[in-house]
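Trainee: Use the sequences and the hints to build the structure in full.
Numbering (this note's numbering), first residue to last: 551 to 701.
Hints are not guaranteed to be accurate.
Distance windows between CB atoms, simulated [said to hold, decoys possible]: (1) Arg664 / Ile635: 34 to 44 Å; (2) Arg610 / Val674: 25 to 35 Å; (3) Glu595 / Ala688: 37 to 47 Å; (4) Pro662 / Ala615: 17 to 27 Å; (5) Leu619 / Arg664: 30 to 40 Å.
DSS-like mimics (lysine-lysine), calculated; alpha carbons at most 25 Å apart, straight line [to be verified]: (6) Lys623 / Lys681; (7) Lys667 / Lys623; (8) Lys623 / Lys684.
Quick caveat, the hints were computed from the structure, so don't treat them as lab data. Here a beta-carbon is modelled for each residue, glycine too, at the ideal position from N, C-alpha and C.
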Amino acid sequence: MTAQAQYPLGGSSKKWVVFARRIEQGNTTVATNEAPPQPDVRSGEVIAAEGRWNEAALRRIRQQAGADLTWTKGALGYSISMNGIVIGRLNRRPRGQPWTASIQGFERWHEPTRIIKHWHYTPVWAANNLKEAKRQVAKVIQTIPDLGARS
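Mentor: Right, here's the structure in full:
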């Protein structure tokens with residue numbers, strides 16, 4: 551039995567695009583579409599299409615509504631800020647390895663890997679290059695949910 555999954559980077563009204571499970575029986579492969587299991591919302595959390603937010607971090611970013619993201623270059627990568635308040639980091643890796651992105655109070659929902667065999671949250675995610683990392687962070691910030699949108 552093998553599993554494959556697709557997950558949206560951006561905010562759409564659907565939480566999950568497709569979670570296809572292939573059940574291999576002899577020479578036949580059957581695909582079924584279903585939403586991946588998502589943990590229940592814990593106290594102080596808000597679930598979004600891309601992952602889950604800490605309520606305090608969500609409030610802090612909501613207070614900066616309309617502010618532009620500022621990318622400040624440092625020795626290890628870039629800090630991400632809005633109106634002078636640091637909200638995350640982009641870390642540079644050795645040549646040939648992906649950039650890592652993180653936003654304070656946000657954990658991205660990841661599909662299974664060969665190491666972690668189930669859907670899981672992680673506070674840091676990878677991007678192939680700086681441009682893609684900035685685009686992913688901007689998309690997550692632009693699609694933050696309302697505090698009343700607990701699901």
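Trainee: Among the hints numbered above, which are violated by the structure, and what are their numbers in rising order?
Mentor: Result: hints 2, 3, 4 and 7 break, sorted rising.
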